[in-house]
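Number of protein chains: 2
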Amino acid sequence: MKLVPPAPARPGDPLDAIGTPSLVIDLDAFESNVRQMAEFAAAAGVTLRPHAKAHKSSEIAKRQIAAGAKGVCCQKLSEAYPFAAAGIANIHVSNEFIGADKTAMAVELAAHVRLSVCVDAVAQVEALGPAAARAGVRIDVLPEVDVGQGRCGVTDDTQLLRLVDAIAAQPALRFGGIQAYHGGAQHVAAHAERRQAAQLAAGRAAASLRALEARGVRCEVVTGGGTGTVEFDARSGVYTELQPGSYIFMDGDYGSLEWSGMRRPRQSLYIASTIMSATHPGRAVCDAGLKGVAVDSGLPKRVAWLADRAEAPLDYIAANDEHGVMAVRDREGDGGRAAGRAGPAGSWPLRPDGQPLRRVRVLSRRARGDAVADRRARIVALSLRVRGSTPACTALTRK
Amino acid sequence: MKLVPPAPARPGDPLDAIGTPSLVIDLDAFESNVRQMAEFAAAAGVTLRPHAKAHKSSEIAKRQIAAGAKGVCCQKLSEAYPFAAAGIANIHVSNEFIGADKTAMAVELAAHVRLSVCVDAVAQVEALGPAAARAGVRIDVLPEVDVGQGRCGVTDDTQLLRLVDAIAAQPALRFGGIQAYHGGAQHVAAHAERRQAAQLAAGRAAASLRALEARGVRCEVVTGGGTGTVEFDARSGVYTELQPGSYIFMDGDYGSLEWSGMRRPRQSLYIASTIMSATHPGRAVCDAGLKGVAVDSGLPKRVAWLADRAEAPLDYIAANDEHGVMAVRDREGDGGRAAGRAGPAGSWPLRPDGQPLRRVRVLSRRARGDAVADRRARIVALSLRVRGSTPACTALTRK
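One line per chain: the protein sequences are A and B, in this order. If you read the first sequence in the numbering used here, its first letter stands for residue 1, the second for the next number, and so on. If you read the second sequence in the numbering used here, its first letter stands for residue 1, the second for the next number, and so on.
Keep in mind that a hint or two might mislead.
Since the list gives no way to pick out one identical chain from another, each pair is judged satisfied if it fits inside one copy or across any two copies.
Only pairs whose alpha carbons sit at most 27 Å apart, straight line, appear in this in silico DSS-like list of lysine-lysine [said to hold, decoys possible]: (1) Lys2 with Lys62; (2) Lys70 with Lys2; (3) Lys56 with Lys70.
It is worth saying that the hints were derived from the structure and are not from the lab.
Using the sequences provided together with the hints, build the complete structure.
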């Protein structure tokens, strides 16, 4: 007998039979997000290349491509392998890499997919070119231009042109355009300020284009943008390709941004959790803790009950490894403080000492989308369809 | 051809050939920690049952048991399956659970291992007992007593005795003792205050023992304790079994505690990372970011160079998904601020624009041990032995 934990759910199971903690996808919201972004990019006349680091799921990549995406981005070479193995034919590694092992991986991938990569140092080009030539593969190389983030990317035209020359000197490499991504601009809350940050980035990318033009270099692709700036980037006249990732799931941070020029994508990914202990008045302990939820952008929010909805709402107040500590919120509404922290609260959904514990499930918004997805993101049943609950969860993921 | 990423290293590889980002174990420190804790528990006359949530590795569990541990703790039932499948014969689930799926998992596990579980509600006992009886298995059940953490566990003797009665009413269940764990006490920095917190917890456990004695209930096991309080718990005269987990690897938080009554376990787990971009004066970007390192207890610390050690040290200042942003520290010593944040700094280990990038590796202390181990903790080569570098890394893990 093989001793493995049972699947967290099977297609057809009712929602409250899902083993917890689990990631749960609201398929309606997810499919709406995939469709909306594809239509938005098509209407703007730009290529959509969603970032796969948000999901790390070839099933989701295939759905994005079926909706119109050209391919996917990966943030590192090892991340690209499962997509290549699953038949995703066009992959852009939107990051720098260095070292013989990484060069060998790029060359191996390029034998299977149309591969493009980013560089910001001539040494990378000079390592990659001969290795690609020896293997008989062709790789598109995109210098990354720092357009304001201050992280990776060349910082002046001289460096950019030196990279273009270095690429041109390698017969197995092809200048594929530039990458101009500004991560910080994605998360600026105010719409007008986010637009300004995006326009500044696009302006810097445009300056790089002029420098290339002045040297007679044609730049087919300007790739960049993310969920937060995609509406501005698409209309910038500079970007030809957009890399949003988080839009498929959304998260607490992106959800809190001010949206205006396009419809806000819907939250589609939740963590289902069970209250497994409730011995203290005003408190409950659920089974989604530090190992199930990322807390780098704050604790999980907006708890929704799938059962006992009439009872007092809970706030998630502390994450331990496999425990989420929750406190009953005041009945005064969303603005009420968590009375449970200070002691007994009014209404209590679970009775301590001997009363039957009910299997209460909690759906909480992730603190950060992709960080969580990275921890336990393998989709096990996108086709699981269950109805009759709110929110309508129709698919489920679990590590 | 199977398209999978290459192994990050092979036994015999030099240290600087390890693919990054990777967890790297200093086997000497790890083995010293395993040995020291086993000897400490034996000398104190208490059972050692290390917590496996710190490593989730059956290879490590086997080494702990070979050194003298009785078995392991798991924090949830699904976590216990791989250990049971690997032949770990004695597993304690040190947490509550509820629901038909979880009950079925406990019953299945109990058919393969000697299983003990925690409860703090009669409903759990009444669900588990009949299921165990139907399957013909025996499960040891330990009521959890809240000894100060305010999380799970019964809060008075009445509740405890009610659980003991409920267990006694189930022929397939056996009262196995009590669990008395105080998570918060583990991380109190000052030695005297930590001792006080541990003594308070032990005192509460002792009060529960007296309540059981008064009812004529024999309590074989008092299990609890962690890396931070193990020295006090072992000498408390109350605990019979200790559950430390993090001692095998240590982490920045545990490492910062004041140690006195026993030797501080050594840091044995590191993240190896590569600088993959350096286009800004005073800055460098490495490949260990949010998806490679937990930041819930702070950013990675104590960066040690494996190459170019004579050059300026770097501080890790920001974690993005797959980027770690680092700034050159002032030459004025450890107290110096990161001059790189403000602009150009004196010495710079990597030259931007065209100079050959060297494959510089960074070993950084994890912010939190088990959270990281959870993200990418499968040991792929405990026997990998490489010499001649500092720290002497002799084994390697990677997701």
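**Q.** Structure versus earlier hints, numbers of those that do not hold, lowest first
**A.** none
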